[in-house]
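Asks: Below, each chain spelled out in residue letters.
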Amino acid sequence: MSSDKKDQNEKICSQLLASKSNRRDFIKTMSIAAAAGSAALTAGCIPSANAASSEEMKLRWQEFFKENYRMMTQEEKDETVARLERLAKLRNNLDLQMSSLPPIEGVLYGYAFNITRCEGFMECVSACVKENNLDRKTDTQYIRIFEMEPGKLDPSTGDGQYYHEVPVENKFYMGTQCFHCENAPCTKACPTKATWMEPDGIVVVDYDWCIGCRYCQAACPYYGRRFNWGQAEIPKEEITLKQHYLGNRLRPKGKMEKCTFCIQRTRKGRLPACVEACPTGARVFGNLLDPDSEIRFVLKNKKVFRMKEEIGTDPKFWYFID
Amino acid sequence: MQAQQKKNLITFVSDVIRWNLRGGFGFQLFRIVLFGIMGLGIYAYSFQARYGLSVTGMNDVVSWGFYISNFTFLVGVAAAAVMLILPAYIFHDPGFHRVVIIGEGVAVGAIIMCLSFILVDLGGPLQAWHLIPGIGLFNFPSSILAWDVLVLNGYLLLNALVPAYILYSHYMGRKADERKYRPFVFLSIFWAFSIHMVTAFLYQGLPARPFWNNPLMGPRFLASAFAAGPALITLILAVIHSSTTYKIERNVFNKLRLIIVISAIINLLMLFSEIFKEFYFPTHHSSSAIYLFFGMDGHNSLVPWIWTSVCVNLMATLVLAFNPGKNNPKVLLPACFFLFVAIWMEKGIGLIVPGLIPSPLGEVVDYLPTWVELCVTLGIFALGVTVVTWLVRAALIIEQDYGDIPDAK
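So the protein lines, in turn, are chains S and L.
Counting from 1, position 74 in the first sequence corresponds to residue 74 in my numbering; the numbering is continuous, with no gaps.
Counting from 1, position 85 in the second sequence corresponds to residue 85 in my numbering; the numbering is continuous, with no gaps.
Derived by calculation from the structure, the hints in this document are not laboratory data.
Ideal Cβ placement from N, Cα and C applies to all residues, glycine included.
Misleading hints may appear alongside valid ones.
Derived coverage of chain L by chain S (criterion: at least 3 residues anywhere in the stretch with Cβ under 8 angstroms from a Cβ of chain S; other residues may be distant) [as the list claims (entries may be wrong)]: (1) 35 to 43; (2) 360 to 368.
Residues of chain L clear of chain S, computed beta-carbon distances all greater than 10 angstroms [stated by the list, open to error]: (3) Leu9; (4) Val16; (5) Leu53; (6) Met58; (7) Trp64; (8) Asn139; (9) Ala146; (10) Ala160; (11) Tyr165; (12) Phe190; (13) Ala208; (14) Arg209; (15) Pro215; (16) Met315; (17) Gly355; (18) Val388.
Capping the alpha-carbon separation at 27 angstroms, the derived lysine-lysine pairs in DSS-like fashion look like this [claimed, not checked]: (19) L:Lys277 with S:Lys308; (20) L:Lys277 with S:Lys152; (21) S:Lys268 with S:Lys77.
In isolation and in its complexed conformation, chain S is listed as follows (with noise of 0.2 angstroms):
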């Protein structure tokens, strides 16, 4: 190693040393020489020399040993993704727009899926796999629909593989996704608390926080959660770059993720991707708090109905008949 080089790790480390202390610092100085010999492993791979350039070294080190997004102070989060920002840069070369948005005062989210309407043309699961930057090479899709037979409405009988022309004479579609329940069992099995939700009704994960155990996928009884068998896949081109914290950013292996109601976009007073894609106007995205929003009027003047009701997990996500 020449010496500048060494002379920058020295600096390097005396300023991780200095920086402005808290309980994330203990950590830091007594994890260092644990993560010199990790940090290969943070990668998922063993570095080249490039990408062990001493400042995406120094930025995997604080992200590392970063806390959990709830714990942050808004300084904190702002912290951690101007690093994120950073990182992507000096990684791929990506100019990623990153926000830590908080919820919106006076929101809880809710959807509606109107199952007369929808005709199977399963746009919104290209609008969410291309807003979330699902992983192209196992093709992960938040969004299921199942085709339908009359008289039948529990998915598990329906045929959620179809592959042909839609819609189908005397069939119908039903489509599933993340409900987020406001009783949810996968927030209550998660052991380190990377799972939540969030005061606007979303329920996240804080894929930096998971640990990758997966039995909130275990726990979740809608089949709404998806992990990261292995490190996903997206054409550079296709990444979007408008990213939340908690919700579209780039996943790394070994963690779960999940609908958030495009919480990145909705966040922003913006409707939700598969909303807006919807070409039969099947599906209904707004503030369940706001007496004159779309959602409440479906709930007042409409027969709704949720996915296992009996379980008690009370879902946000209704759906109705015209």
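Dock chain L against the given chain S, drawing on the hints supplied.
Replies: This is chain L only, laid out in the frame that chain S set:
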């Protein structure tokens, strides 16, 4: 050994290591083979570290596989040490008193294997420090997995420290003070039940999975554990009896057989009760059981597996109960072996995988472990066997050469 005058904690540790490095050619070969298998496990795991869990056979439907199956089963083996501790320390059975240390060694090995299985199953093993209370964020008491982390580590400590204290006292030529360790022995008895009940609650507490969401889960875990665990301990005692100078009384084997038979019968009774419930009037909550026993939508990879397990279990239980060889070890030891394997098949893969099939939205897929999972699992088994042999070897040497002072009696 007796010539060594100065004895302290350092010589204790160094002696333990020294004793374990000695041994005949066969023993050394055994050790080297175990290390080789562990190396294979590490090699296989390196793929998992690089490419993630995508190199396993698991997917979003079957999200737990071979690792968690083995973990679940081994918790039972660990808990079964209580079946030696209870008669030895509480009822002061002299025969059991001689072998209890071996049971505790097996428990330590089993718990180390359990923790290793959890670790290799994690998607982010480097984030495992998020589980450490104080530094991380521990979802206690809400998450049953958080409970499990606590009880498993607590049980490991209890089962390592109590024997370590007794052995160290004997090594130093003193009598172990029963007043000092007896409270911890009592605690470890309750703790053994708790590790098993908590692990059962891990599955039992999920309404999303009707196959697991069943109040019989915890009791049945205990019954199968108290059959499989003592069966394994019987086999280990037989090996020790025949290959070392440490002789084990005949009546220990007889009593163990009794424990195994009673537990195995209760286990089969509960299995029958479960099967009755699932098949007398099948509901849509029975689909996992239908998949397991008869297959579904052309997927039936577990059908031969579970029927083999049930038949072998039944045969082994009958042999142990009716004792056709009149205590002939050539009949009873294979029966113990087959009972152990049958329960491993049923309470590992036969319990975990069908719980996840069909998915909550009705998808049926088959699960097969990949070579990576098999090799990592073998590596962890080798680690467990190594731990047990190291501990037991040291314990037996101390008990034989130093432990002439009758313990607390």
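Asks: None of the hints should be skipped; say for each whether it holds.
Replies: Tested hints:
Counting residues of the stretch 35 to 43 of chain L whose C-beta sits closer than 8 angstroms to any C-beta of chain S gives 0, which falls short of three, so the coverage hint is violated. Beta-carbon proximity to chain S at under 8 angstroms applies to 4 residues in the stretch 360 to 368 of chain L; the threshold of 3 is reached and the given coverage holds. The claim that L:Leu9 is not at the interface with chain S holds, since no C-beta of that chain comes within 10 angstroms of its own (minimum 26 angstroms). Interface exclusion of L:Val16 from chain S stands, the closest Cβ pair being 27 angstroms apart, more than 10 angstroms.
Not every CB of chain S is more than 10 angstroms from the CB of L:Leu53 (nearest about 5 angstroms), against its label as outside the interface. Under the 10 angstroms C-beta cut-off, the non-interface status given to L:Met58 relative to chain S is violated; the minimum distance is some 7 angstroms. The beta carbon of L:Trp64 is not kept farther than 10 angstroms from every beta carbon of chain S, the shortest such distance being approximately 6 angstroms. Non-interface call for L:Asn139 relative to chain S: violated, since the shortest CB-CB distance, roughly 5 angstroms, does not exceed 10 angstroms.
Interface exclusion of L:Ala146 from chain S breaks down, the closest Cβ pair being 4 angstroms apart, not more than 10 angstroms. For L:Ala160, the requirement that its beta carbon stay farther than 10 angstroms from each beta carbon of chain S is met, with the minimum near 23 angstroms. Every C-beta of chain S lies more than 10 angstroms from that of L:Tyr165, the closest at about 30 angstroms, which supports listing it as non-interface. Chain S leaves L:Phe190 outside its interface by the beta-carbon criterion, the shortest separation being 23 angstroms against a cut-off of 10 angstroms.
Some Cβ of chain S comes within 10 angstroms of the Cβ of L:Ala208; the nearest lies about 4 angstroms off, and the non-interface call is violated. With a least beta-carbon separation of about 7 angstroms from chain S, L:Arg209 fails to lie farther than 10 angstroms from that chain, contradicting its non-interface assignment. With 10 angstroms as the threshold on Cβ separation, the claim that L:Pro215 sits away from chain S holds: the shortest Cβ distance comes to roughly 17 angstroms. No beta-carbon of chain S comes within 10 angstroms of the beta-carbon of L:Met315; the shortest separation is about 33 angstroms.
Distance check on L:Gly355: its Cβ comes as close as 8 angstroms (rounded) to a Cβ of chain S, failing to clear the 10 angstroms threshold; non-interface status is violated. Every Cβ of chain S is farther than 10 angstroms from the Cβ of L:Val388; the closest lies at roughly 27 angstroms, confirming the non-interface assignment. Simply put, L:Lys277 and S:Lys308 have alpha-carbon atoms about 22 angstroms apart, close enough for the 27 angstroms limit, and the pair holds. With a C-alpha separation of about 25 angstroms, the suggested pair L:Lys277 and S:Lys152 falls inside the 27 angstroms cut-off, and the hint holds.
Between S:Lys268 and S:Lys77, the direct Cα distance comes to roughly 18 angstroms. Compliance with the 27 angstroms bound is thereby established for this hinted pair.
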